[in-house]
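Undergrad: Dock chain B against the given chain A, drawing on the hints supplied.
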Amino acid sequence: MITRRNLLKTIGAGFPMTAFAQMSANPAAPRQPHFAPRAKHVIFLFLNGGPSQVDTFDPKPALQKFHGKPMPTPNLKSERKTGNLLGSPFTFKKYGQSGIEVSEIFPEIGSVIDDFCVIRSMHTERPNHEPSLLLTNCGQRLPGHPSMGSWITYGLGTENQNLPGFVVLCPGLPVLGPILWTSAYLPGLYQGTYVPNNEKEIDKLLPNLRNGRYSAAEQSAQLGLLQKLNRRQMEREGADPQLEAGIQSMEVAFRMQTEAADAFDITREPEKVRASYGDGDFARGCLMAARLVERGVRMVQVYYGDDQPWDSHDDILDHRRLARTADTPIAALIRDLKQRGLLKETIVVVTGEFGRTPATEVSGLVKVQNGRDHNNHGYSSLVAGGGFRGGMTYGATDDFGFQAVENPVDVHDLHATMLHQLGLDHKRLTYRYSGRDFRLTDVHGNLIKAIVET
Amino acid sequence: MNWVLSTALLGSVCLVAAADTPEERFETKVRPILAKNCFACHTASKMGGLALMSRESVLAGGKSGPAVVPGKPEESRLILAVRQGDAVIKAMPMTGKLKPEEIAVLEDWVRDGAVWPASARVQAGTGRITAEQRAFWSFQPVRKGAPPAVANSEWSRQPIDQFIYAKMRERGLQPAPRAARGTWMRRVTFDLIGLPPTPEETDAYLNDKSPQAEAKVVDRLLASPRYGERWARHWLDVARYSDDKLESQKELPHPNAFRYRDWVIAAFNNDMPYSDFVLGQIAADLLPEPQRTRLLPGLAFYGLSPEQQDERVDATTRGFLGLTVACAQCHDHKFDPIPQTDFYALQGVLNSTDIDEVPLAPEAEVAAWKAHKKRLDDKEVELRTFQDEQAMIVAAMLAAQTKDYVAAVTGARPADGLDAETLKRWKDYLDPAKQHDHPFLDHWRDAEKFQATVLALLAEKKDIDQKNLIRLGGPDARGDLSGAELLSLDRAKYRFYNELFGARKSVLYFAGKDLDRWLGALHSQHLAGLRASAEELKKSLPPQYPFLHTVKDSEKPRNAHLLIRGSRDNPGTEVPRRFVSILSPAEPKLYTQGSGRLELARAIASIENPLTPRVMVNRIWQHHFGLGIVRTPSNFGQLGERPTHPELLDYLAARFVESGWSVKAIHREIVLSRTYASAWIRHEANEEKDAANLYLWRANRQRLDVETMRDALLAAGGNLEQTGGGPPLRLNDDKNFRRTVYGYRSRRKLDGTLALFDHPNPNTTNEQRNVTNVPLQRLYFLNNPFVMRQGEALAARLNGPTDEARIRQAYRLLFVRQPDADELRAGLAFLKSEKGAWPRYAQALLASNEFLYVD
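Protein chains in written order, with this note's numbering: chain A, 1 to 454; chain B, 1 to 855.
Think of the hints as simulated: they come from the structure by calculation, not from any bench. Note that CB positions come from ideal geometry on N, CA and C, so glycine has one too. Watch out, some of these pointers could steer you wrong.
Stated by the list, open to error - Which bits of chain B does chain A cover? Going by a derived footprint, with three or more residues having C-beta under 8 Å, they are:
id: 1; region: 675 to 689
id: 2; region: 752 to 765
id: 3; region: 780 to 791
id: 4; region: 821 to 827
So here's chain B without its partners, still in its complex pose:
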């Protein structure tokens, strides 16, 4: 045989090829097994120190020894590892056991001397993508297939139902009946606007017998400004929105962050095309007007991003594309066709992007504020410097009188002519009861000598400061500059120096007001003047002008260098800026316009991109049903879940694009489906087949998320304030009656109630909230003053003539139904037996499961 197989594309077809020489056998039989199962971790990334890249590297082995002993399979760690029977050697590959015939191939190879031709050395990190990888479902173009025919009139009115029903039938599942109308009403209202329906709204719907009754409700809800407040929050989780920066030691609010939140809310309310929504958040600054101005606030997606630059790649790729590109930071992606170079190609783009601000005030006002601020900063520095200089002059002067003060302390001379405060300080300091960590006070009573010691110390310190200044070549910066050869006072001397001259509580240093009396008229005047002007500048500084958190291209956009194994100390080749390979043509176009951010944004917001619409419609679906069609909404890769209804997902993605990327169009189609209207029921046979309800044979009972929960509590008490927009309010503020979406979100210290009820941590992009059910949450309902106040307010709102009437009112408000006889009886009994029990009754309703869950 004289044809040679190319190395990277050896698939299963090659296994059948006849192989005569050991070299050929390696190429055709051994290598494919290694490539498929081992190379991901044992080439460039050398897991366990083992690189399977050449004969030498295999013989050298890893941390625990050689991988192969030629001729001796029984002694070869590689063989023992793949047999998976050894007590010590880790079973490999981690993804599962090789087939017996594959193990046999490797055994034979070792037995025959482990031949690995030099020409077949593996080149790490070439990032070649195989045809098999390209064939993965999520990279395929979106295909809008015809919905399956359904022989059930209830389920054949629209494509969503046809897709869902067909799968149900396939699995032998019985669809649940339609939910009661009140249940549907409560469900759709919470779902679309995050609030309960009012009794009037409910009545209007229940009395509407027209076939358009549901559509009317949905259209009203989608047109409500409350809709954007609800649905923006879902996106804000993905965008890791916060009102502050993760600062180490203190809160550092971003007072203008809310402009992004409000922009997202408006985008949902106005049904901004999702493609614009994407473009705006990635590259609004690079768009032509009028788009630029309209979309600019979206740039806070990066403008407010956490400090770490790798985070931007992660949020961008998981958020918009459902790809975990950040996993390819240290090595080629272990499971997806994402070569390591993809990460650095994108990082080049986002590293060439700088934080910026766009003022929302006239230029003159901005310039005036900046100038004023600079004057204030300069003045404060001037003041501090002058004070310190003067304090040191005074200290030096007093040091020169040490012997007089010491003599006064010992009683050797009267205190005449000495400063009383200084004398007091010396007395305190020289108190024999005090311990010191140095020997300089051992003989302080010898006043002359002691003074000489003090003055010598002062001189030595000055000398060292001067020399260090020279050694450092002027004032320095922090950073990786250690190793500077600097001089230092001897420790004991340093201690002594600080006690006498230190700026904090020393004997001779006078700070602040204490300094004034030492200064002559001229100096005093100057100091007073400095203080007055600093004070005046501070007082007259107006609040900072409003601005948008944005980004801009850096002046010199630069490619990133690949970091070998992700290590900063080990830079590899430069990677040109471009889009991810799997979503590009074979030879990806390199980015040439500035950072490339606009090109990146267009590639993501493109109708050619199959992931962008799929990922977004899946997010929408997930929030309606509690689970996505793909249950890993930010991971559409190999390790993500496969879609339960791939055709439906594609149908929705296609509809999304056709509708001009209209989010509301997708909502409307979903919530008006029969699928959406199913009841929550128990059904033994169905549960056996599909306990997780992946096939939506019934409704999913969902816990209110923390925003909806708090809003619903406020609404129950009649206390919800419905003004939208503006700066965030603290959620622990008793006077905050606004919707929870307007509450302060912190990266440093997330509000207690938010944290308790599973609000995600806004330091990373979040795809899906946890739902936990723990006693601490129930304590909140039992004892939190906010809940108790809403209970009281609810009780006070109910104005029926009798307890029974009031109970009925409460049930209508909270549960959109009438109480049954038992519930009524239990309520009446409670109210009768206890005096003033109404607030506690109301609170019990708020603490009930039925309040917290939506069917």
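Isolated chain A (complex conformation):
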């Protein structure tokens, strides 16, 4: 029986793999991991700006109790001045069999919470967006290192040679922009392919995908001529893997024109599926991510929005508005992936670059505020699928949700654990550049065994 999934697998393979196998080195071809993998893909949902843990996935009764009072424990460094404690304006409720408490602004996520491992003890190095974005994406505080998606495609190659292996969806650009998906010193083919998913037309989603001038037949004839000339050169001068790779790349490019257009076109999804994701750029991004992963794309990163929407310095109630367009798509993605039989092999991460302070922020100008400052000392990340254990919480912050105190997990640990699920040992996934072996986790990273299925 030809299931939809199998059909896609066949199309996804698309390019005759034998041709690649003959070539000494197609660097994008699927590669053997270090050990048997639990997962094959990653969908990284980036709630950029720094969602507040105490208003989303880390309820703190003590914070409610001490609302408006100075924090009894010593304050930690954040970016700006903070004042007294600020209780969450949202209520929490137990969801699912696991009974994990989730804020009222994420009821849909609540409904699939049994699929999520809620890590409540994340922490990172700096309370500023830029270094934390870089750490979360590239494992380093300073710019100029390859992104996680680049590392993963470098380590594993990608399954569908007709699509880029690492795709980044963002309406507009997040803070810092493309440096967050750079391949840096890794070969350029591992860089994230940026797709502005607020655009509706395929030409604007992916550059150079359509030829505005020639018909398919005309282009096909042109390709025939071109490849004849390319082969003639090798007949005359001798076979050369470089030139052969060029010929193969051209074949793939030609086919990508149809395959990629199809992959990014969410109108081809049944109405029911589209409706389940809801409206908005982020919803479209999540659905595109499902389609891409289904077609063998290795990693898709979906930014919630342009700039840093979750940066609620001014008024934490803003989180309610933001959650409205994040809650449904995330839950829908989980259900949809399950439906497509992909959740088991796809790691879905939901996180920001850091969390927010439990104390109210009183920043630059002397004015009363109702928001929270950046907090790198403790925050929550959610991970589902790919062999991560659903329906559990891991680690804990202090009574007020400021600092990770129990089983702290830093971004390198999360990276190491994700790589492990993909069959990669983060210490062995190295790239020699300028005489040094670099890796995503630099000199850090511990596998967190407790959060993955054994």
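TA: Below, chain B without anything else, positioned relative to chain A:
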């Protein structure tokens, strides 16, 4: 025995010394093994929490437990680690397995009680450099040896060929024949000026039968202004040149950055001595005139450097010296003789260096512009402040009429005498269908009470602002100042306050033009006046005067403090400013002139420094052949590659210095060599011995880099504009026909085509470009409008009388050869079968492998 060995310099010689007591055995046998294999990671830097510095620290062990259980090797993690057979304990050392006899020494030591005399405690971070380390090849003085004699007339005409040929013979490799003259012509032209040869240039060369034919071509190319445009770009990769700053949220162009790019281009074109090129980029501001003025634009090497100061040390040491000093930021370098103090010695210099600008306009013009700008800024602040004050006065006044408006909303009174717009806002706000996150609207119909609530809120907010101002001691700054005990409105009240008085879309706050009608004549006039003058100041502000991005010594140069494990929260001793130890005499001279930047520059640009000329000639070689003699061009250390031809490298380095640091002299010698003229061929026997062509038995087929590729496309279409210099143009601009080196380089958002074709990210120094070959690049050739336009233009340029003549013309233009019979036939068939097929034919040629690669 009563002589005691000094601890740090125990080499292998010491292993043979007899050792009688456990203390002596530790010193003579155990310690050398630990020092050689373990100390790099397990002293100051305590990897895994383990410090092997004293008996106590060994017994305490690391994160996973004690390293040694005295008397019990089988239970000692250190022993299990070096045996490398344990499933859990990490195999050590990471560089490879110890010799069995070394493992036995450690086992015996543990068995005998793990004696570690207190006097032998290891002092971390002393940074002593061993004789063995000093003997490393790249730190040796440059030695110009005589080239080996070669019994082959073709290969004995110049030293480069002699060195290359001798190595080939040594390895049993057969040199490839000379490439066809057309191939050589295309190669050397792309290589030196980054453009294809014109048919006229090619003809001139092909018809020149004199022995100087090649030399004439090379001299013409080296004299072309296009040469600097090509070769400057290689350096701009190292210098991480960009036209903007990596800003978080928006583009922040540096409109004067191009002056550095143009200076580098001119430096190459004028064959500026490389020593001056180095001096200028590091310390032009500290040089005497006339050098200072001439070299000043080079200072943008730092003046445009990324924000992070550690980056400057990295770019300086890797860029000029091929040393990875930044690796010694957290600990002594693990592999090279670079103590941690070296990093901080240099950082002291570069931290004592501030960003500066040198205006290129008369002082009066600069002063006038600055004064004007300040007036504009001040006026805008004044305007904003006045508007906000007035808006709050109006809001307070309206707040005091709350009950009237509320009554009008409920219909309890007519709307007479009330402001229509305000009433409308109240109506919208009080719409019962609207939800609010606070209880203050629960009883708004009680107008009196509601007004009292509103006024009390306003008063409370004012009071809090006042108190906070006092608590903060005036307007504050951002930074690590958290913990200020500040007052805050209750959340619900805050929400309510914002809805009524907030500057964005609230009921009572009137901003901009809406404010005007509330103001009395006098206030109105004043506001109009403020607006007019702000507008006028803005309009009359001329474009900023041109300036150079430079640096200067800070007023009080200061030494840096070593940061233990690189942590800002853990400062260690102060490190005097000085040069890197390995390139200094035993007691390095401390820097005393200002920041020490000039002393640093002179130390780098010194003929005594073996690394500076080696690193640069290697970069030149790399760009000619695709691979350096040292294949890690910015790392000449332990982990870098060893030179394939060390004598040749030294010969070139010596020639470089002798020639007065002339880059063009080195080019000339290289491209006129027989080595450079070899063909690309297949050769089974050679490939078996040297598949990577490290020994240059054939030419390396190289892909055009993105600049050359785009320039060649423009040249093919006859559209290349050859004006040099000036502000950058966007590369996605359809009207940009200039060379790609003049395209905008961004740290924030690198142009799509540049990124697609492996242009490095200019946030860090880059030594070598990747060459990738992916479908997305081919899509560019299939569908990108720019490529299609060049295809059309190329087709239109060909003016031969027949299709065949035009095909021949195209081949000459693009490939510097004639098509063979098959190619001609395929082309003619395509053109005949398809109507209007010429543009598509031309585009296919541009998309071909032959166009993209240079043999």
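Undergrad: Tell me whether the statement that chain A covers the region 780 to 791 of chain B is true, taking a Cβ distance below 8 Å and needing three residues at minimum.
TA: This one holds; 7 residues, not fewer than the three required, reach chain A with a Cβ under 8 Å.
Undergrad: Do at least three Cβ atoms from the region 675 to 689 of chain B come closer than 8 Å to Cβ atoms of chain A?
TA: Satisfied; 3 residues make the cut.
Undergrad: Taking 8 Å as the Cβ threshold, is the statement that the region 821 to 827 of chain B is covered by chain A upheld or broken by the three-residue rule?
TA: Contact hint for the region 821 to 827 of chain B vs chain A: holds, 4 residues under 8 Å.
Undergrad: Counting residues of the region 752 to 765 of chain B whose CB is closer than 8 Å to a CB in chain A, do you get three or more?
TA: holds (count 8)
Violated hints for the displayed structure: none, as all numbered hints are satisfied.
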